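Chemist: Letter by letter, the chains look like this.
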Amino acid sequence: MNRHSIYEPENAKILNIREQTEKEKLFEIELESGEPLDHDPGQFVELSIAGVGEAPISITSSPTKEGASFELCVRAVGNVTNALHNLKINDEVGIRGPFGTGFDVEEFKGRDVLFIGGGLGLAPLRSLINYVIDRRDEFGKTAILYGCREPCEILYEDELDQWDEMTNMDLHQTVDRCPEGVCWEGNIGVITTLIPHVDFDPDTTIAAVCGPPIMYRFVMEELKNRNLPDEQVFLSLERRMKCGVGKCGHCQIDGLYTCQEGPVFNYADVKDVEEAL
Amino acid sequence: MISKEDFEAFVERLVKEDHREVVGVQEKGDKFVFDELKAAKDLRLDYDVTILPPKKYFMPQRETLVKYKVKDGHKAVNEITPRIILGIHPYDLEAIRQMDKVFSDTYEDKNYLKKREASVLVGVNIENVSEWCFAGSMGTSTIEEHYDLMLTDIGDKYAIEIGSEKGFELLDEADVMEASEDDISAVKKKKEGVKEKFEKKLDLPPEELPILLERSYGNTDFWKEHSEKCYSCGSCNLVCPTCYCFDVKDFNELTLDEGERIRQWDGCLLEEFAIVAGDENFRENRYQRYRHRFMRKGRYIHDRFGDIACVGCGRCGSHCVPDIADPTEIYNDLKEVTK
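Protein chains in written order, with the working numbering: chain A, 2 to 278; chain B, 277 to 615.
One chain only, chain A, in its complex shape:
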């Protein structure tokens, strides 16, 4: 962290850009210092583009990834993210962070892990998925449930194939709908329709859930039906963290700061917080 000011971004360079879908690109970024970001899965950075502004972006790469670079999977939706999409390899951006509380990997160790990702929610989830894959011996069985609206919105297609081929990793995918003429042989239906297909033991399983706000309510209900205790569910919430350091007030969920106590919360801690879900 910069010693002069918590608001001064560090220069960083775009090493690689991979198009994911029409709206999402995967950016590989390295700090000018050459130091690794040193983050936990589930944490975020403030990405700065001089003259446009800053936006909080979850880190999609695992800290176990080789090399000093890290990855951000960004959908072009606002000023900063659209400006980022216009940048090219070797262009510079600013980075502050990592910030916030990510997934508590110690809690996950020795357990079976159920990942549930909806849409762009797979981006933060991927930091934990790859962490678990890189330290496979430390975790039990794993299953990934991933849902998108349409097949054209699927992220990390190559990686999904790899995950699918891994032993001890159970991948289930679904799309809400499939337009005519698009090839899709998988499940059609919302993400909750996948949950009955997964066999997990509520005593030994811990779930990491990440998706749009609307998804949580239905997923939680389904997990409850399967007797998974609230304490064994972690979820990542999205708010507009403007400062990232617990000052500006924008990301408050009632008394909680998404940028400090979150973005990853234990479900038991937020289920009764009205503004959370």
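Please note that the accuracy of each hint is not assured.
[Unchecked claim] Calculated lysine to any residue pairs in the SDA-like style (CA-CA distance at most 25 Å, straight line): (1) Lys-345/B x Asn-83/A; (2) Lys-89/A x Lys-345/B; (3) Lys-377/B x Glu-262/A; (4) Lys-525/B x Ile-15/A; (5) Lys-272/A x Asp-497/B; (6) Lys-345/B x Glu-29/A; (7) Lys-525/B x Gly-52/A; (8) Lys-14/A x Glu-67/A; (9) Lys-500/B x Asp-273/A; (10) Lys-611/B x Asp-255/A; (11) Lys-471/B x Ala-455/B; (12) Lys-24/A x Lys-317/B; (13) Lys-272/A x Asp-579/B; (14) Lys-24/A x Pro-180/A; (15) Lys-377/B x Gln-163/A; (16) Lys-611/B x Gly-256/A; (17) Lys-332/B x Ser-440/B; (18) Lys-142/A x Pro-180/A; (19) Lys-473/B x Arg-320/B; (20) Lys-89/A x Lys-525/B; (21) Lys-14/A x Val-346/B; (22) Lys-505/B x Asn-561/B; (23) Lys-110/A x Lys-26/A; (24) Lys-345/B x Asn-80/A; (25) Lys-442/B x Thr-357/B; (26) Lys-343/B x Glu-262/A; (27) Lys-26/A x Gly-554/B; (28) Lys-505/B x Glu-275/A; (29) Lys-351/B x Ala-394/B; (30) Lys-525/B x Lys-142/A; (31) Lys-317/B x Thr-357/B; (32) Lys-505/B x Tyr-563/B; (33) Lys-89/A x Arg-296/B; (34) Lys-615/B x Asp-273/A; (35) Lys-89/A x Ile-15/A; (36) Lys-347/B x Ala-77/A; (37) Lys-343/B x Glu-11/A.
[Unchecked claim] From the derived model, a few chain A residues whose C-beta atoms are all more than 12 Å from chain B: (38) Glu-31; (39) His-86; (40) Lys-89.
In short, the hints are calculated from the structure, not lab data.
The structure presented is a predicted model; accordingly, all values stated were derived computationally and were not measured.
Ideal Cβ placement from N, Cα and C applies to all residues, glycine included.
With the hints as your guide, set chain B onto chain A.
Modeler: Just chain B now, with coordinates in the frame of chain A:
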């Protein structure tokens, strides 16, 4: 102790000779403001309340955090004007104490803290009470620490209490004399007397606020009723000495190759405050925003920092156009409905 005559001469010397900017309470129309002092005679230590609290000197309404050049990246900026601030009431000193805590918690906000370090705080005990003020109920009508100097008007002279090394050094040039037993008891009487002067009062000890607010969170009718006339204008946020939320924006030079990242005051009562990407608003109803502010003042900040973040200055109530922001009305009503 210092005679009023000598005090004015002392302030005049500061204005003329000190390298720091001297700021003091002055008249503006029929109200009072903290502003740069041009002459000692403009200082009004008998004011009731200022429009804005002195927070503006440590967290200006707009300030540059970062300067950037599109080609070279970002550079942190902290524009500091060292200041001597004259005439801060105890409730505002308490608010500054709380803000010091907020801005040094976990991540130190140097933009605030360095400005604070470069300031000398000269307090004054309340002589005249604003009709909206309820500092007596909040335990903030007097304060025994967290100032550099504290003045008390006792007739033809001011008693000066020294709160810090900084304060002691400032007095170097002043013609001060030892306080007599009588002076000390006069100050004590003044401080005790002020507690009785407030028209507005809480019907409960402030320590009860966190639990009362927690219990009433789900009482949607209560919050809807009180916020019905809210304009969502954020005036209550703007004048509050413990509101510190801000927005951050980039402003480019016309050349588009450089510019400044600026933070400016923001307010949780404004409709767009809690909007996230995709335009979802997590506090889209007026009553939710209104409730959030009270929860924050009396409960959330208390849970985090241990302070009730309302110091009883009454500025929010006095600046609210539909007159629905007076905290004593809300808190006293809260006590009634949670019985």
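Chemist: Now tell me, hint by hint, if it's right for this structure.
Modeler: Comparing the hints with the structure gives:
1. Lys-345/B x Asn-83/A: Holds, at roughly 19 Å.
2. Lys-89/A x Lys-345/B: Answer holds: Lys-89/A to Lys-345/B is near 18 Å, not above 25 Å.
3. Lys-377/B x Glu-262/A: holds, 18 Å
4. Lys-525/B x Ile-15/A: Within the cut-off at roughly 23 Å; holds.
5. Lys-272/A x Asp-497/B: holds, 22 Å
6. Lys-345/B x Glu-29/A: This hinted pair holds, its Cα atoms lying about 23 Å apart.
7. Lys-525/B x Gly-52/A: Holds, because 9 Å separates the two Cα atoms, which is no more than 25 Å.
8. Lys-14/A x Glu-67/A: At roughly 17 Å apart (the allowed maximum being 25 Å), Glu-67/A and Lys-14/A satisfy the hint.
9. Lys-500/B x Asp-273/A: Holds - the C-alpha atoms of Asp-273/A and Lys-500/B are around 21 Å apart, at most 25 Å.
10. Lys-611/B x Asp-255/A: holds, 21 Å
11. Lys-471/B x Ala-455/B: Cα-Cα ~23 Å, so holds.
12. Lys-24/A x Lys-317/B: Status violated; Cα separation ~64 Å.
13. Lys-272/A x Asp-579/B: holds, 19 Å
14. Lys-24/A x Pro-180/A: holds, 18 Å
15. Lys-377/B x Gln-163/A: violated, 49 Å
16. Lys-611/B x Gly-256/A: The given pair, whose Cα atoms are some 21 Å apart, holds under the 25 Å limit.
17. Lys-332/B x Ser-440/B: Distance of about 22 Å is within 25 Å: holds.
18. Lys-142/A x Pro-180/A: violated, 34 Å
19. Lys-473/B x Arg-320/B: holds, 19 Å
20. Lys-89/A x Lys-525/B: Given pair Lys-89/A, Lys-525/B holds - Cα atoms ~24 Å apart, limit 25 Å.
21. Lys-14/A x Val-346/B: holds, 13 Å
22. Lys-505/B x Asn-561/B: OK: Lys-505/B and Asn-561/B at ~13 Å, within 25 Å.
23. Lys-110/A x Lys-26/A: violated, 31 Å
24. Lys-345/B x Asn-80/A: Between Lys-345/B and Asn-80/A the Cα gap is close to 18 Å, so the pair holds against 25 Å.
25. Lys-442/B x Thr-357/B: Distance ~16 Å between Lys-442/B and Thr-357/B Cα, so the pair holds.
26. Lys-343/B x Glu-262/A: violated, 30 Å
27. Lys-26/A x Gly-554/B: Holds: Lys-26/A and Gly-554/B sit about 18 Å apart, inside 25 Å.
28. Lys-505/B x Glu-275/A: Holds - the C-alpha atoms of Glu-275/A and Lys-505/B are around 23 Å apart, at most 25 Å.
29. Lys-351/B x Ala-394/B: Judged against 25 Å, a Cα distance of about 22 Å means the pair holds.
30. Lys-525/B x Lys-142/A: violated, 46 Å
31. Lys-317/B x Thr-357/B: holds, 23 Å
32. Lys-505/B x Tyr-563/B: holds, 10 Å
33. Lys-89/A x Arg-296/B: violated, 48 Å
34. Lys-615/B x Asp-273/A: holds, 23 Å
35. Lys-89/A x Ile-15/A: Since the Cα atoms of Lys-89/A and Ile-15/A sit roughly 7 Å apart, the hinted pair holds (cutoff 25 Å).
36. Lys-347/B x Ala-77/A: holds, 23 Å
37. Lys-343/B x Glu-11/A: holds, 13 Å
38. Glu-31: holds, 14 Å
39. His-86: holds, 14 Å
40. Lys-89: holds, 14 Å
When each numbered hint is compared with the structure, violations occur for hints 12, 15, 18, 23, 26, 30 and 33.
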